Structure formats: C-alpha cells, structure tokens
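Chemist: Position 306 of the sequence shown, counting from 1, maps to 306 under our numbering, and the rest follow consecutively.
Hints were generated in silico from the structure; no laboratory data involved.
These numbers were taken from a predicted model, which means no experiment stands behind them.
The reader is advised that the hints may include incorrect statements.
[Said to hold, decoys possible] In silico DSBU-like cross-links for lysine-lysine, where the CA-CA straight-line distance does not exceed 35 Å:
#, residue 1, residue 2
1, K274, K208
2, K344, K364
3, K364, K306
4, K141, K152
5, K46, K274
6, K364, K322
7, K399, K344
8, K322, K344
9, K360, K401
10, K46, K249
11, K360, K399
12, K274, K322
13, K344, K401
14, K274, K80
15, K360, K322
16, K152, K174
17, K360, K344
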Amino acid sequence: MRHKITQLNRRKAILSGLACLLVLALALYGFLGQSRNQKVKIAHGKPLVKVVTVNRADMMRHINLSGQTVADANIPLAPKYTGRVTEVRARLGDEVRAGDVLMVQDTGDLDISIAENDAAAGAAQADAREAVASYDANYLKARNDLELETSKYERNQYLFSIGAISQDTLDSVKQEYLASQAAFNVLADQVQNGDAASVQSKQYTAEKAERATDALRRQREDMYLRAPRDGVIGYRNVEAGAIVSAGTKVFSLVDNSHINVDCTLSESDAAILKTGMAVQVTIDALGTDYPGRIVYVSPAMDDTSKTYQVRIELEAAADDMKAGLFAHTDIDILQRPQTLFVPKEAVLSRNGQQILYVLKPDGKVEERAVRIGLMNDEAEEIIEGLEDGEVVVVTNQDKLKDGTAVDAMPYDGTDDTVGAAS
C-alpha cells in the first residue's frame, strides 16, 4: 500500500514539472516574439524605413567570372593515310618536342612505288636528252643544207643571167633551194623559249615523272606521325600491328606551357569588359591566386547559351597547373567617376516614371521623380532629380506616399522593415 502511494506521488511530481516547463517555454516564446517585433517596429504608428545618404562617389560595377583552366593547345593527332602500324614510340604522359616521331606505319608498298617511279623518271629524262640531241642534229643538218642550196641557187641565177644555163635548169635548182628552206623553217618554228616543242614534250614527261616520285616520297614521310609542337601526350589509342584508318585519332598532344581560363558572362557585362584588363584569378584546387589579363571577349553572343565567352591568360602559371581546374575572379570596373547613385531597391517605377522617396529634415518623405543613368546589379545612377547629400529611403516604400512621416534607421543591406509600424 505504501509502495503504491509512493508511485502516485512520483507521477504527480513529474506532471507538475512538465507543466512548469511548458509555462516557461510559452513565456520565453512570447518574450522572443515581442523582442523580434520591437526590432521592426517603432512607436507612434510611423512606418519604419531604412535610408542612405547619397554623396558623390565613383560608381563601380562588380563582375564575377568563373570557368575552367584550358591548355594553350590540345591537339588531336591522326594518320593521314590508312596503313599498318609498325612502331609506336610515344607513351601516355611522355613529354615530346616538335618533330619527334610518335608512330610509324608500314612503308613497304610505297618504297616499291618510289623505286618504280624513279626508274620511270630516269627513262623519261633519257628520252628528253635523246630528243634534244636528235633535234639539234636535224636542225644543224637543215641549216647546212639551206646554206648550201642558197649558195647553189645564187650561183645558178648568175649563170642564167649570162646565158650559161637554161630556164629549166634554174627552176630545178630553185625547187631544191625552196625545199631545203621549208625543211629548215619547220624545225625553226618548233622553238619556243629556246626549246623545240618536241623537246619540251619529252622534258614535261620527265618532270611529271619526277613530281610523281616526289609525291610518293612526301606520302612516305607522312607515314611517320610527328609531334607538331612541344607538349605532353594526353591520349594514346594505338598499338604496333594494328591497321589504323586515315583521320582516326590515335594521340592527343597537350601543351600546358601557357594556361588560359575560359569563362562566360552576360550581355551587360560583355559590353564593359575589354581586352588587356588585368585580373587576379583564384584556382581553388591549388589555393593560390595568379595574375592574368583578358585576351579575348567574343564579338557575338552564343545562340545556344545566350552568353559571351571570355578568355583570361594566366601570366605565371605553376608547373603543376593542369587543364580543367575550376577558377574564378572578381573584377571591379569604374562605370562613372564621382557621380550620384542609390541602391537599386530605392528606385520604383510608377506611372511610367522612376521615383524615389527623399527623407526631409522634418522627418517626412518627399516623392521625387528622377532620371536614371547607368545601372549595375547593386545600384542605379541618378542623373537628374537628386542632390548631393540628400537622404533616400531604401525599404518599406509601399507604406509611403508624399508627405508621410517615418522613423528612419541606416540601411545595412537588408530589409526587415516591410510592413513595420505600430
């Protein structure tokens, strides 16, 4: 019986304790709620607003750029011709120099073709030399024959004039003279730029054979895949013995000697950034800032992303810098020196006009129409309607009209005064 009474008393004590805790919690909640309301309310029923005093200053635009590091070059390498690979000289990660041989393809068939074309070219050159010799001999004979027939014809003309020979004899000599002259003219008329046409034909054939041999030699040279510049082998997909097709990527060459950062930005920011601007770029993975400069701002918007591309060249990249690292930079650009500007929250649009509320010394606000100039993400320039040193309301404007009395506190970048009044 005594044990049951003890348990009953214990339960009553626990329930009493819980009730006390509940009362304390409700009291604390009410106190905190009242304190919170006091932060956003001022007595006497006046709206509470936050204000800023406007003074002339440099208007700056803050731009944040982020992107990834990219190598100075990342070049896919592929064979020019289809063929069997006989040797692979580069491994993944190898540092190579411009001109180093990375891969060799079988040149056996080309070697045979080159030998055949060399022989054909030699034969064509021999034909050309023979044509030159033959023409020269024929030309010399025709010239000598013409000289002989000319002398003979002139002599017979004299003999005919003194009656020593008949007309028939003179005519026969003349025919021989004209025939030798025609034979000589045929050979002489073939000459162009110092060579006879028949000789030139043979020479062109020889040159064509030589050009064909040169083309085969160049093709043979292309069977040696070489590094186009200094760099590191960043990709390899080929083994000796495999047949690779023309244009198939077998290596990639990465040149990290210069590191760039590619970023994207909006239309409004693209109009401000200029090439040559100096920046400080943070590479989060390395925990280091690097100096750089803007070297490219795309002249046209990307149709898909509706953004502009910016490239930053790092001036002194670390040896362990790699492509693909996240990078970012903050840029502050002077938009206008010594001008008046207000937080963008201060400007309202009503009835097609931009207005703001100016706090007068008597504690009342004046609705003022203004003209806007430059803008950025944080502020708007006032080029008409506001004087240096005036106080502008930034928050809780929906409770205001021209002549409203307010309680004011300095603007701290936050708005916890919406609807505040007691």
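Chemist: Now, for every hint given, state plainly whether the structure supports it.
Modeler: Hint-by-hint comparison with the structure:
1. K274 - K208: violated, 55 Å
2. K344 - K364: holds, 21 Å
3. K364 - K306: violated, 46 Å
4. K141 - K152: Holds. K141 to K152 sits at ~16 Å (cutoff 35 Å).
5. K46 - K274: violated, 49 Å
6. K364 - K322: violated, 61 Å
7. K399 - K344: holds, 18 Å
8. K322 - K344: violated, 41 Å
9. K360 - K401: Distance ~13 Å between K360 and K401 Cα, so the pair holds.
10. K46 - K249: At roughly 75 Å apart (the allowed maximum being 35 Å), K249 and K46 break the hint.
11. K360 - K399: Distance ~17 Å between K360 and K399 Cα, so the pair holds.
12. K274 - K322: holds, 26 Å
13. K344 - K401: holds, 19 Å
14. K274 - K80: With Cα atoms ~41 Å apart, K274 and K80 exceed 35 Å; violated.
15. K360 - K322: violated, 59 Å
16. K152 - K174: holds, 9 Å
17. K360 - K344: holds, 20 Å
The structure is inconsistent with the numbered hints 1, 3, 5, 6, 8, 10, 14, 15, although it conforms to all the rest.
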